[in-house]
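Residue strings, one per chain:
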Amino acid sequence: MSDFIQHIKQLSAFFFASDAKGMKTAYVELAKLIPAPAVDDWSAVEFSFNRLFVGPRALLAPPYASIYLDNDQTRVMSESTIQIRQFYGLLGLVSPWLNKIPDDHIALELDALWQIDTALLNSDSPQLRDMRDYLLAHLQEWTPKFHQRIHAIDDVNPAILHIVDMLHQLLSQETSTTILKSIE
Amino acid sequence: MTRYAFSVNAELCIGCSSCGMACKNQYNLDPGMVWRKLYPLSEEIYPHKDRAFYSLACNHCSQPACLEGCPVGAYTQREDGIVVHNEDVCIGCRNCLRNCPFGAPRYNEEEGHVEKCSMCWQRIDEGLLPACVQACPTNALTLVDLDTDDVSGTVQYPPGFPYRPDVEPSTRFVLPVAPKVVRRDV
Amino acid sequence: MDTRELPLILFTLLTQLAVGLAVFAALRQWATVEGSSVKTRNEWIAILALIGVGVVAAFFHLGKPLGAIRMLANIGTAWLSREILTFAIFGLLAAISLYMVYTKTANGWMLKLTALVGLLAVFTTGMAYAGKAMDAINNLLPLVFFMLTVFTLGPAVATYFVEEKTHALLTSILFPTLLASLVVRFVVPFIWLSGNAVMNATGQNFLTSPLHWLHLAALLAGLFFVRNGKSIPAWLPIVLLIGELLGRIAFFALVVASGANLGGVY
Amino acid sequence: MQEKNSLGNTNIQQTLGSKVSRRDFLKMMAAVGAIAALPGNGLLRKGPGASVMPSTGYEGKDAYQVFHNACPRNCYDTCGILSYVKDGVLKFVEGDPASTFTRGGLCVKGYSYPRSVYSPDRIKYPMKQEGRGSGNWVRISWDEALDTIAKKILELKEQDGSLLGLGMTKYSGNFGITHYGVEGMMSSLGYTTRFVGTPCWPAGIDAQNFDMGNMWCNDPEDMVHSKYIIIWGANPCTNSIHSMKYINEAKRRGAKVVVIDPIFTQTAAKADEYWQIKPGGDGALALGMARHLLDKKLEDKAWLEENAEGYSEFASYLRREITLDWAAEQSGIPVESIKQITEEFAAVKPATIWLGYGLQRHVNGGANVRAIDAFVAMTGNIGKVGGGARYGHLFTWGFNYNALVQSAPEGSVGYTGKTGPMGEFDTGQGGDAASYTDRAFNINKIAQEIMDATEPPVRMLWVANKNVLSQDFDRNKIIEAFKKLDLIVAVDLFFNPTVEQADIVLPTTTLFEDWTVNVSYWHYWMSINEQAIAPMYETKSDIEIASALSAKINSLKAGSCTFPENIDSKEMMVKEFNDGIYSLFGIKSWEDLKDGARKAKLVSSASWSDNKFGTPSTKYEFKSSIAEEYGHTALVKYKEPREAYASYRLLTPHSKYGLHSQFQNLDWMLDYNPEPLAYIHPKLAREKGLVDGDTVRVYNKTGEVQLKVSVNDIVPADTILMYEAWYGQNNPFNVNILVDDESSDMGKYKTGAPGVAIHDQFAEIEKA
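First to last, the sequence lines map onto chains A, B, C and D.
Here the first sequence is numbered in numbering that gives the first Met the number 0, starting from 0 and rising by one per residue.
Here the second sequence is numbered in numbering that gives the first Met the number 0, starting from 0 and rising by one per residue.
Here the third sequence is numbered in numbering that gives the first Met the number 0, starting from 0 and rising by one per residue.
Here the fourth sequence is numbered in numbering that gives the first Met the number 0, starting from 0 and rising by one per residue.
No wet-lab data here; the hints were simulated from the structure.
For every residue, glycine included, the Cβ atom is placed at its ideal position computed from N, Cα and C.
Heads up, a few of these hints could be off.
[What the hints assert, rightly or not] Straight-line Cα separation of at most 35 angstroms, DSBU-like style, residue types lysine-lysine; simulated pairs:
#, chain 1, residue 1, chain 2, residue 2
1, D, K85, A, K99
2, D, K300, B, K179
3, D, K766, A, K20
4, D, K123, B, K36
5, D, K296, D, K417
6, B, K179, D, K483
7, D, K417, B, K48
8, D, K85, B, K36
9, B, K179, D, K707
10, D, K250, B, K36
11, C, K63, C, K229
12, D, K85, B, K179
13, D, K483, A, K20
14, D, K417, A, K23
15, D, K85, A, K144
16, B, K179, D, K123
17, C, K63, A, K144
18, D, K766, A, K31
19, D, K682, B, K36
20, C, K63, B, K36
21, A, K20, D, K123
[Claimed, not checked] Label-pair distances were calculated between CB atoms; the ranges are:
#, chain 1, residue 1, chain 2, residue 2, range
22, B, R105, D, E570, 17 to 23 angstroms
23, A, P143, B, R105, 33 to 39 angstroms
24, B, E109, A, L59, 43 to 49 angstroms
25, A, L59, C, L213, 58 to 64 angstroms
[Stated by the list, open to error] Now the stretches of chain B that chain C is said to cover, found in silico as 3 or more residues with beta-carbon under 8 angstroms:
#, stretch
26, 7-20
27, 39-50
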């Protein structure tokens, strides 16, 4: 569990990175937990990262949930984005980039998951568990498509592929264990 | 009594497409989804290609074939004649596509349901015009009440539109007029 | 063609085959003096299986399969609802018939009733597919087409369940049906040509489509090899089945909707 | 579906049973005490006021906050917009019902606005390209971006002793008044190189200034009073859709409408009569019509007597050199038609001509406009309600241009040669009285000017409100010229061909994220543009960029920039208003505009209603000394059209689905207009063996484009028509690959540079 928390925090940090340095820091942290391929050229990672998630060219894999959950895949800030904002609201949380960065940005959603898990460490509230289940299910609904889309793109930097694979694997595992628990 | 209908005046229509885009804008339709659009008249009907149009969406028929054939009752018709489709009830059997002579219902593959023009009944209930009608810069597209408004001088079945008295489409039309043309000889 | 229609192609074809088999199972029972002694168990198993597969297939044409049960909601006006209902009853009766045949308690009336409801179900299908958007088939043609399929595939496939001597009975039905089917299906597209723009376009589509001509070829082959008194070759039902399948694909793929011609001359 | 509404995804129900339903959510809201916000990566503790669950679709007017906005695109109609906002998100837009001109409507472009705001493809952050055109971009902070830019500017100053090495090109991407802050930013840095003039309408502006002393059209709403309307080279059905209702109304009241255009436009289809004129033959036709007025003695002698200068000379010129047969020959319009329409036009008053911008995009465009003006003047329709030679106006543009008017820092060195105005909106006021000025280059010859520039060469280019590589002429030449530049900075919304060639891109706000005020060059309404939503990502308005750059460069070297360091668009907008504007529009304060668009209080809907003209003679001048000064004939005279340089005329007018390179790239627009087409006449199609949908090569000396053809009799057989547009980054289509930078005759006088002969272009066409 606590390992999972660490992963989520660092994954969130990676997707939040605004430059190669930030990507490297998170990557190195994650490498401590799960062995990762060595990276020699970090600016190559950054170029690739920006083509996928940042711009200025049209994004190859926009990092926003609504793009994968809605039929409308060319609009951000949709209803489902606002629902995630409401969800943060229920947790008593709010994005500092309200109405600037869509609330369903992957890094923010992972951060929310991290916040819940950290809170659960010292207080086991059934409601919090329900909300964790919801967030996890929500992530598990779109991140596989996100993962798939990135894999469909030519010459994505291996470091980024490693990260999205890791994200995919962690969330899938966590979801299955959660479902098992919920069945008991 | 009130019987709402669209009136499409092709003489006044300037083919600007504002009506169709106003509709997408009002309901934030998915890309690719179109409830209202312009249908250019073929040269047998109007002598110049792409220069005369019917702006068409749902014709809110008096005997709606969509409603009659819908197995789940997703369609209802209001007192005022507006045919409303309920996406939540719809199960996407597309039988209405097989029945509407005007191709008004559109299938949304992703959502697995059919969608169509609602004549903006919520706006009408608020005393507003449908988004498309409000958007029309020349009053070519108007909302009429067939029970009270004078629609003489309009036709129900113009060329370029199916003759279907069996479903009684409510839309009324005015035909386009072509100008005198002086061409250079080249 | 629109692959979304594939489930319906299967549904209509398989259920019509099922009804055809039911009719002949009942017929044989009725045609013989001592009712239940005739062995029709395998037919009824096949019939149930066909209905099952057909219905399962039908689910796949829905955008929201989970809502299928709601399809009974509009019995009042929607032929589609009525179709679902009658097929449900047909399925039920077929199950009962199988049970009775199995337990040797079958009586002719029950089987005849089942066959009758089956025909009724095909009737509702015929009405349901007379779509108002499709000028070419907004009439009794779907019903005619479907019934012809019933009386083509029924006797043809039934040959697999009966012994040689009963072939005569089947042939006596199959031959005229094939003849009628061939004539109707050959003539209709030409009649469409003389109709309005969308009917004409439909006619054009058919007359230029290999699907249509292969279907006719299958029927012709049938006529050639089905002779009174002669037995039906084992491969023929397969050919006819394929023929009907191609014809059914054509039916779903080639009919033009009037909405496709807005702005054009009708 | 129910679950979809409440949870945004249905599968949860399957995966976790019905654990989390809408109801549970509300329960949770009550149950869950806010967790202490931990030092995570982003999410913070939320303040009070948890909002309710969202729902879909239209929720009724009351569910939204409504803001006033204004469409700032380069368009006649400049529509007031109502923006409906919920949860801080723009949901949909409508027209501002307060304006009788737009009457609550927008256009196909305006209704697509929510798509551009929330397109995932928007430029989000300042970014730096490692290797121009390499596609290798790194995200940088605003601070780093401005630092790089400021240092480059200081370096140029160091190197050249002036800032003339810094060039700026900007045009009509956003006509909001505060966007002149871009020019202001340049002025506040010193004397720079400006790409001046306009690709749009300069020849006509000069022509009307020579004739009447200003470009000043009647209120378009008074066309309802016109008894005869000639729409000459304009296509309002596409480019000013809200004007059509007035023309229709005039028609309903019995007016005759004639459309003169090389193309059978949508507007032509709405006319009583359409003339397919030979492109560039407009002047000849107008002079022929004028000659016929003389022959039939239909001119308004009294008015001419009173109000015209040089008329007799003009009349004798007509008698001496113009015949109807010649006019028919030059224009392609038969003599009989010319006679008939001329007589009909002269027989009624008021009668009016709407001169479009298309007809002056020729090497003889200005001369053609003067000839048409002259015809209207002869019939005595100038200064009449429902009459006039309508072209455009800047009557309502009398703002302070606070953003624009900035003085150069102490001791700035600049250009000492003679320069003219810096574009059509340059009110002449402003700048300090220094002997130095900016260096003015022709905006329409950007490639050539950059290539030829010396002492100093242009080393840095600032691009704002402009997509140079889509909209400027001879695209291939521009790519070459750009190689001479050390630093290109592009400020934009989307990754367009210009951004592709930039070294630094700065993300800018949409109109919904900024404050400004807008007026039109056609109608007389003014609309405020409120900030309706927070700026997405790290976008900044032109004003915010200017003030941030000012702060940065002054921190590096004090006294380098005079632009206010802490000012936002709203403050700047407020400063734009003055008593002149207030009294013209009859408002007490700019705040009044929050109730809706306002119309100027006009003495008369007619321009020049008092017949006091702005010319030296205060009369209507058929003979203009100023025209002569600028190298044109003083007298209104025929000017030869451009020689063809290829087999077919190429016309590249505006599309209804886009405005220059904006809108057509949006997904919704592609639903209605998926791809570019070349329109050719059936006769030409037969000659070339082409049918609808064939792909063709259209090429000439400047380049080649490939696209599909539509065989269509709206074009003559000697003409290829394709609409200008940028279809987004995956479609290289660009008509300006085929348009050279040949100048039109006029424009220097009022806009600082001549226009471009956009419609004097020629090309070949072959099956690809």
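Quick rundown of the hints versus the structure:
1. K85/D - K99/A: 14 angstroms, holds
2. K300/D - K179/B: 32 angstroms, holds
3. K766/D - K20/A: With Cα atoms ~53 angstroms apart, K766/D and K20/A exceed 35 angstroms; violated.
4. K123/D - K36/B: Between K123/D and K36/B the Cα gap is close to 33 angstroms, so the pair holds against 35 angstroms.
5. K296/D - K417/D: 46 angstroms, violated
6. K179/B - K483/D: Since the Cα atoms of K179/B and K483/D sit roughly 54 angstroms apart, the hinted pair is violated (cutoff 35 angstroms).
7. K417/D - K48/B: 52 angstroms, violated
8. K85/D - K36/B: 28 angstroms, holds
9. K179/B - K707/D: 30 angstroms, holds
10. K250/D - K36/B: 27 angstroms, holds
11. K63/C - K229/C: 49 angstroms, violated
12. K85/D - K179/B: 51 angstroms, violated
13. K483/D - K20/A: 33 angstroms, holds
14. K417/D - K23/A: Between K417/D and K23/A the Cα gap is close to 56 angstroms, so the pair fails against 35 angstroms, i.e. violated.
15. K85/D - K144/A: 29 angstroms, holds
16. K179/B - K123/D: 52 angstroms, violated
17. K63/C - K144/A: 21 angstroms, holds
18. K766/D - K31/A: At roughly 61 angstroms apart (the allowed maximum being 35 angstroms), K31/A and K766/D break the hint.
19. K682/D - K36/B: 31 angstroms, holds
20. K63/C - K36/B: With Cα atoms ~27 angstroms apart, K63/C and K36/B stay inside 35 angstroms; holds.
21. K20/A - K123/D: 20 angstroms, holds
22. R105/B - E570/D: 17 to 23 angstroms: 48 angstroms, violated
23. P143/A - R105/B: 33 to 39 angstroms: Once the Cβ atoms are compared, 29 angstroms apart, the range 33 to 39 angstroms for R105/B and P143/A is violated.
24. E109/B - L59/A: 43 to 49 angstroms: This hint is violated: roughly 21 angstroms between Cβ atoms.
25. L59/A - L213/C: 58 to 64 angstroms: 46 angstroms, violated
26. 7-20: violated (count 0)
27. 39-50: Holds, because 5 residues of the stretch 39-50 of chain B bring their Cβ atoms closer than 8 angstroms to Cβ atoms of chain C.
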